[in-house]
Amino acid sequence: MNRDRRVEDLVRELAPRVLATLVRRYGRFDACEDAVQEALLAAATQWPADGMPGNPHGWLLTVATRRLIEGLRSDQARRRREDAVAALAAPDAFLAPGPGDQDLPQADDTLRLLFLCCHPALSPASQVALTLRAVGGLTTAEIAHAFLVPEATMAQRISRAKGAIKASGTRFELPPQEGRAARLSVVLHVLYLVFNEGYSATSGPHLLRPELSTEAIRLARVLQHALPNDGEVAGLLALMLLTDARRSARNGSDGNLVPLAEQDRARWNRAQIAEGVSLLTNALHRDRLGAYQLQAAIAAVHDEAASTETTDWREILALYELLERLGPSPVVTLNRVVAVAMVRGPQAGLALIATLAADGGLRESHRLEAVRAHLLEMTGDATAALAAYERAATLTTSLPERRYLQKRAARLSDDRG
Amino acid sequence: MKYMLLIYDNPDTRERFFGPGGESLRAEIDALMTEITEAGELVGGEALADPATTRTVRPHDGVPVITDGPLAEAKEHFAGYLIVDCETIERASAIAARWPNARTAAMEVRAIMNPSGTEM
Numbered sequence: 001m002n003r004d005r006r007v008e009d010l011v012r013e014l015a016p017r018v019l020a021t022l023v024r025r026y027g028r029f030d031a032c033e034d035a036v037q038e039a040l041l042a043a044a045t046q047w048p049a050d051g052m053p054g055n056p057h058g059w060l061l062t063v064a065t066r067r068l069i070e071g072l073r074s075d076q077a078r079r080r081r082e083d084a085v086a087a088l089a090a091p092d093a094f095l096a097p098g099p100g101d102q103d104l105p106q107a108d109d110t111l112r113l114l115f116l117c118c119h120p121a122l123s124p125a126s127q128v129a130l131t132l133r134a135v136g137g138l139t140t141a142e143i144a145h146a147f148l149v150p151e152a153t154m155a156q157r158i159s160r161a162k163g164a165i166k167a168s169g170t171r172f173e174l175p176p177q178e179g180r181a182a183r184l185s186v187v188l189h190v191l192y193l194v195f196n197e198g199y200s201a202t203s204g205p206h207l208l209r210p211e212l213s214t215e216a217i218r219l220a221r222v223l224q225h226a227l228p229n230d231g232e233v234a235g236l237l238a239l240m241l242l243t244d245a246r247r248s249a250r251n252g253s254d255g256n257l258v259p260l261a262e263q264d265r266a267r268w269n270r271a272q273i274a275e276g277v278s279l280l281t282n283a284l285h286r287d288r289l290g291a292y293q294l295q296a297a298i299a300a301v302h303d304e305a306a307s308t309e310t311t312d313w314r315e316i317l318a319l320y321e322l323l324e325r326l327g328p329s330p331v332v333t334l335n336r337v338v339a340v341a342m343v344r345g346p347q348a349g350l351a352l353i354a355t356l357a358a359d360g361g362l363r364e365s366h367r368l369e370a371v372r373a374h375l376l377e378m379t380g381d382a383t384a385a386l387a388a389y390e391r392a393a394t395l396t397t398s399l400p401e402r403r404y405l406q407k408r409a410a411r412l413s414d415d416r417g
Numbered sequence: 001m002k003y004m005l006l007i008y009d010n011p012d013t014r015e016r017f018f019g020p021g022g023e024s025l026r027a028e029i030d031a032l033m034t035e036i037t038e039a040g041e042l043v044g045g046e047a048l049a050d051p052a053t054t055r056t057v058r059p060h061d062g063v064p065v066i067t068d069g070p071l072a073e074a075k076e077h078f079a080g081y082l083i084v085d086c087e088t089i090e091r092a093s094a095i096a097a098r099w100p101n102a103r104t105a106a107m108e109v110r111a112i113m114n115p116s117g118t119e120m
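Protein sequence lines, in the order shown, are assigned to chains A and B. 1 is the number of the first residue of the first sequence in my numbering; add one for each residue after it. 1 is the number of the first residue of the second sequence in my numbering; add one for each residue after it.
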């Protein structure tokens with residue numbers, strides 16, 4: 001079992017390198033990606049049975065190349081298209097040659113792949129799927145399982161994504177300097193989505209989902225290695241580490257959600273918190289402020305506090321105010337409401353909700369109702385809090401959230417006798 | 001987010017769909033199914049047989065009793081469903097709006113409960 005795990009880790013680490021080499025040699029990202037996936041599947045079955053090859057990278061490259069050429073040949077035979085030969089004969093035409101191209105560092109290859117998979121022409125769901133397969137080295141079945149859809153659905157998503165990349169004529173190179181920041185923000189968003197998908201507490205037998213956060217952290221590390229001076233890349237990695245540090249405390253033994261205020265903070269992962277804080281501190285000193293750094297800073301304030309009562313809510317409020325100016329969203333606004341309530345009292349929070357709702361700044365949602373319920377409970381208005389918890393419970397589409405909200409409501413109705 | 005699109009029928013629409021001239025309706029459905037399959041949005045779906053064959057099981061004095069016929073006589077009946085995985089409920093509703101029954105009977109878009117969530 002341990003050995004299989006080692007094989008899997010190695011295979012997935014090598015996957016983007018092999019893919020990059022293949023694309024550079026032969027062009028045709030879509031065909032190369034299929035070939036690498038087949039080589040990964042072959043490795044996953046053969047290595048544990050026959051033993052690890054002396055040169056795993058070379059093994060994967062050889063098998064993938066063979067599969068690619070077989071695939072292209074049968075394509076040619078079927079379609080009788082002469083131009084397919086050109087794809088094999090002039091591979092370097094696909095890639096604009098640059099200085100030192102023969103000996104590109106591996107981090108650069110991963111970066112090119114990430115930019116390609118997170119192409120703005122693709123839907124977020126496709127960007128996520130393709131990134132996990134081409135850069136993360138996950139199989140289609142694993143990705144489908146993690147996102148709770150049938151393998152055929154996921155396969156379609158990936159194949160459409162590759163079709164869109166092909167149609168866009170994008171080359172396997174870094175995007176031009178102008179507009180690269182915008183492209184990088186898409187990459188960061190995709191990794192953030194992968195992380196969040198895995199971080200959502202799961203009830204039931206979907207054990208692979210937490211591995212999505214682990215995978216997102218791994219990919220963010222690779223990205224940070226490639227772009228060590230980018231503050232937002234460091235900010236995102238720090239945010240993931242600081243959030244994931246609370247994982248084991250936020251899921252009760254019964255699979256129920258444990259809110260931040262009730263978590264056993266002794267179970268938070270101190271090493272991960274220390275790493276996140278140090279990454280963040282370096283980033284804040286070096287680069288201009290961004291939304292991921294701010295979110296990481298907020299997570300750090302929580303992580304470094306011994307309890308909700310001793311949390312520096314003023315600091316958190318200031319950070320949310322900055323964040324709302326930088327990247328406003330309903331979730332950020334709601335979190336600012338919570339911070340206002342913690343600093344100035346629940347009435348101030350409820351007043352702010354009323355103002356925001358009147359301005360159309362907050363739409364009805366289960367999160368809004370849940371915050372309202374918590375604040376009403378803090379004021380001692382059990383009747384109104386109970387009604388708000390019940391409304392929130394009917395609005396959420398998440399099973400563990402519904403269970404949590406109903407538990408809070410039941411507690412209040414028991415108290416009232 | 002996953003949504004179930006509930007397809008409703010009435011005796012008229014069912015007749016139109018399976019009767020002469022139904023080819024164009026079926027072609028519309030085929031085209032939409034191809035589109036959402038290729039987009040990686042279709043998760044699954046089934047069409048139900050005519051309600052004439054329905055049996056209902058419901059309690060009588062606390063004991064399940066089986067009877068012939070549907071639960072309630074209604075002008076519209078449940079005829080089948082699709083499950084789609086879309087970015088937004090707007091997209092799911094747009095798919096529902098293009099199903100022929102949206103013009104003749106009704107479609108309902110329902111969010112499917114998610115086994116995961118975040119603390120509040």
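Be aware that one or more of the hints could be misleading.
[Said to hold, decoys possible] Computed list of lysine-lysine pairs in BS3-like fashion (alpha-carbon distance at most 30 Å, straight line): (1) A:166 x B:2; (2) B:2 x B:75; (3) B:75 x A:407.
FYI, nobody ran anything at the bench for these hints, they're computed from the structure.
To see whether the hints hold, each was checked on the structure:
no.	hint	result
1	A:166 x B:2	28 Å, holds
2	B:2 x B:75	28 Å, holds
3	B:75 x A:407	39 Å, violated
Checked against the numbered hints above, the structure violates only hint 3.
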